[in-house]
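Asker: So you can see what is in the structure, the chains are spelled out below.
There are 2 protein chains.
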Amino acid sequence: MSYKAISGIGEFGLIDKIASLAEPTLSAIPELLTGIGDDCAVFQPSPKLLQVATTDMLADQVHFDLLTTPLKHLGSKAISVNVSDICAMNALPRYALISLAIPASFSVAMVEELYQGMSHAAKEYGLAIAGGDTSSSRSGLVISVSMIGEVSPEQLTYRSGAKQGELICITGSLGGAAAGLKLLMREKEIMLNHLENNESYSRNMMADLQEYSKAIQQQLLPLARIDIVRFFHAHGIRPSAMIDISDGLSSDLQHLCRRSKIGAMIHEGRIPVHGSTRQIADELQDDALTWALTGGEDYQLLFTIPKEEYPTISDNKEIAVIGETTDKEEGVQISDIYGMKIDLSSIRGFDHFGS
Amino acid sequence: MSYKAISGIGEFGLIDKIASLAEPTLSAIPELLTGIGDDCAVFQPSPKLLQVATTDMLADQVHFDLLTTPLKHLGSKAISVNVSDICAMNALPRYALISLAIPASFSVAMVEELYQGMSHAAKEYGLAIAGGDTSSSRSGLVISVSMIGEVSPEQLTYRSGAKQGELICITGSLGGAAAGLKLLMREKEIMLNHLENNESYSRNMMADLQEYSKAIQQQLLPLARIDIVRFFHAHGIRPSAMIDISDGLSSDLQHLCRRSKIGAMIHEGRIPVHGSTRQIADELQDDALTWALTGGEDYQLLFTIPKEEYPTISDNKEIAVIGETTDKEEGVQISDIYGMKIDLSSIRGFDHFGS
Numbered sequence: 001m002s003y004k005a006i007s008g009i010g011e012f013g014l015i016d017k018i019a020s021l022a023e024p025t026l027s028a029i030p031e032l033l034t035g036i037g038d039d040c041a042v043f044q045p046s047p048k049l050l051q052v053a054t055t056d057m058l059a060d061q062v063h064f065d066l067l068t069t070p071l072k073h074l075g076s077k078a079i080s081v082n083v084s085d086i087c088a089m090n091a092l093p094r095y096a097l098i099s100l101a102i103p104a105s106f107s108v109a110m111v112e113e114l115y116q117g118m119s120h121a122a123k124e125y126g127l128a129i130a131g132g133d134t135s136s137s138r139s140g141l142v143i144s145v146s147m148i149g150e151v152s153p154e155q156l157t158y159r160s161g162a163k164q165g166e167l168i169c170i171t172g173s174l175g176g177a178a179a180g181l182k183l184l185m186r187e188k189e190i191m192l193n194h195l196e197n198n199e200s201y202s203r204n205m206m207a208d209l210q211e212y213s214k215a216i217q218q219q220l221l222p223l224a225r226i227d228i229v230r231f232f233h234a235h236g237i238r239p240s241a242m243i244d245i246s247d248g249l250s251s252d253l254q255h256l257c258r259r260s261k262i263g264a265m266i267h268e269g270r271i272p273v274h275g276s277t278r279q280i281a282d283e284l285q286d287d288a289l290t291w292a293l294t295g296g297e298d299y300q301l302l303f304t305i306p307k308e309e310y311p312t313i314s315d316n317k318e319i320a321v322i323g324e325t326t327d328k329e330e331g332v333q334i335s336d337i338y339g340m341k342i343d344l345s346s347i348r349g350f351d352h353f354g355s
Numbered sequence: 001m002s003y004k005a006i007s008g009i010g011e012f013g014l015i016d017k018i019a020s021l022a023e024p025t026l027s028a029i030p031e032l033l034t035g036i037g038d039d040c041a042v043f044q045p046s047p048k049l050l051q052v053a054t055t056d057m058l059a060d061q062v063h064f065d066l067l068t069t070p071l072k073h074l075g076s077k078a079i080s081v082n083v084s085d086i087c088a089m090n091a092l093p094r095y096a097l098i099s100l101a102i103p104a105s106f107s108v109a110m111v112e113e114l115y116q117g118m119s120h121a122a123k124e125y126g127l128a129i130a131g132g133d134t135s136s137s138r139s140g141l142v143i144s145v146s147m148i149g150e151v152s153p154e155q156l157t158y159r160s161g162a163k164q165g166e167l168i169c170i171t172g173s174l175g176g177a178a179a180g181l182k183l184l185m186r187e188k189e190i191m192l193n194h195l196e197n198n199e200s201y202s203r204n205m206m207a208d209l210q211e212y213s214k215a216i217q218q219q220l221l222p223l224a225r226i227d228i229v230r231f232f233h234a235h236g237i238r239p240s241a242m243i244d245i246s247d248g249l250s251s252d253l254q255h256l257c258r259r260s261k262i263g264a265m266i267h268e269g270r271i272p273v274h275g276s277t278r279q280i281a282d283e284l285q286d287d288a289l290t291w292a293l294t295g296g297e298d299y300q301l302l303f304t305i306p307k308e309e310y311p312t313i314s315d316n317k318e319i320a321v322i323g324e325t326t327d328k329e330e331g332v333q334i335s336d337i338y339g340m341k342i343d344l345s346s347i348r349g350f351d352h353f354g355s
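If you read the protein sequences in the order shown, they are chains A and B.
Everything in the first sequence is counted per the working numbering, starting at 1 for the first residue and increasing by one.
Everything in the second sequence is counted per the working numbering, starting at 1 for the first residue and increasing by one.
Note that these hints are calculated values from the structure, not bench results.
Be aware that one or more of the hints could be misleading.
Remember, identical chains collapse to one label, so a pair may be satisfied in a single copy or spanning two.
[Said to hold, decoys possible] Using 27 angstroms as the maximum straight-line C-alpha spacing, the simulated BS3-like pairs for lysine-lysine come out as follows:
hint, residue 1, residue 2
1, K328, K17
2, K17, K261
3, K341, K261
4, K188, K214
5, K123, K17
6, K72, K214
7, K163, K328
Note that the coordinates shown come from a computational prediction; the quantities given were computed from them, not determined experimentally.
Here chain A stands alone, though its shape is the one from the complex (with noise of 0.2 angstroms):
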């Protein structure tokens, strides 16, 4: 793979190369008219659907590190995001839009791979990848992606519909991408030893990881519950309140708490905690439970629905049971494995700003 400057191809050459990567994801929604190419993309909305709309903006050394991260992963990843934000609303993604600043340090195949991670995960998704922006930026990569669902009114759901006394569920399990980070940002951190003490660092080093290639796929390549989304639907399933985990359980039930004005109490016991995280967290001396509520980024859908409807998902594996919405003078709680009780609230999730 030789090197090529953006510089080299210009601004349109990139474009031209970006719609070519994008057109293959066309053919999934024919109701997009016009993809890449004009000043807006054209979309025929669907009779009778209401139309969800979301934004996630990865930047780096914020979201990411590409120290650490391969490139197609995280376009996968900055598709996956926003498809989480569609599915939380119980709707099926249509179409997105990708808007990069890219650094000069890039080089063509740099962005290509980005985009080719997009694109498979648009196809995964069955989403058209409709247009955006790429402009240079003076300091790192920033990706923006735009996305728009549609959704039946009937299956519509929102954060605020949950009522006391209904099932807590989730789906999958938590912490793993946590305990990823934690092993990723570990290498780089013996990596860069190595680097500043001018020792060798060879890739074989990592081999010890490939028990944990689980909690770092968690990470780097997160999936959205777009198979719970279609799961409901085939059997006419609509949670009374839905929110995907993007900041922690915790963190994320308070929302939806507060939006219901409901209160709420899990059991630690029930907490399906990822694969490997609690071996992971052994090692690196930290505690798995802190990773599952307020480790974030595990993308699992968090919902509620009246106990009378639990024969309409117990079979489903993917779906858990943590706990019951209460009265909203309850506050939102955990009752540990001794049937103490904690408030959530002291446990906080990720604050992009937090002090």
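Start from chain A and add chain B according to the hints.
Answerer: Relative to the frame of chain A, chain B by itself:
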């Protein structure tokens, strides 16, 4: 105005502030069922209308310089450049999603100023600020706006519909934004020289810029030509092709011609040059026509109409006919005031990755 760090109110405190600034924009669009506060915004598309979607990113040191750009103006411009893309489809804007990457040096008041500018512009254009994302930035401010508009299939205008032998028209005048930028850059240079030499620099030194305030305003506070789209709709006018002038007349006319598979001949003498642009160019020993052709950021509309439709636009003083479309083989040309023909492909607009 006392300094309050964003860390003092946290990410969710900041989101609450942003939501309250976006709130006054919501009433313009009753079809927006949910704005900021859930995983997605929810919108009820108008029956029988098509949707158009665009995104534009503004990055510090690439698209703006905070030394010469008031934050309110910057917020307004971030909205206007997207509205301009919507207008170029002959569509009207409905809602916007706004992502910000905010440097640690920013105070709460600075984010508020930025949002006040966005909110003010949104109200002027009649669109709703429906959602967004905020994160910290390890480098400069990055603003990414995505915008959704609507248009009937009968009014939708692409870049690609122009035919040979039609009139080429532009709105307003060109070159002002480039002239304004040059003045601001000169002023910044003077200011930095004063600082380097420990000399005092007072705002009064800028007093002589008063006479050039319209050019500076065109750079800092451009307005999208939504008035022209409303004029088209009111008079049942549908241009055969349209594009907004963001890269410069030369570059954008070439885009339109390439997509329409035609050539063009425009006339130097007919290009409306903005206010004091010639005077500023003389003062800075530069060329006003070059600015008009390649300066970009004027956000005027460039469109084509069949000759027989000329009477429908002839009374509008904001529209000038600058030439005619020709056969593709003739290329895209400008004839100067002596009748000499110059190929516009030799006169290039801004390329983000140009060497």
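Asker: Against each hint, give a clear statement of whether it holds in the structure.
Answerer: Results of checking the hints against the structure:
no.: 1; hint: K328 - K17; in the structure: between (53 angstroms within a copy, 24 angstroms between copies)
no.: 2; hint: K17 - K261; in the structure: between (49 angstroms within a copy, 21 angstroms between copies)
no.: 3; hint: K341 - K261; in the structure: within (20 angstroms within a copy, 71 angstroms between copies)
no.: 4; hint: K188 - K214; in the structure: within (18 angstroms within a copy, 52 angstroms between copies)
no.: 5; hint: K123 - K17; in the structure: within (18 angstroms within a copy, 37 angstroms between copies)
no.: 6; hint: K72 - K214; in the structure: within (17 angstroms within a copy, 46 angstroms between copies)
no.: 7; hint: K163 - K328; in the structure: within (10 angstroms within a copy, 65 angstroms between copies)
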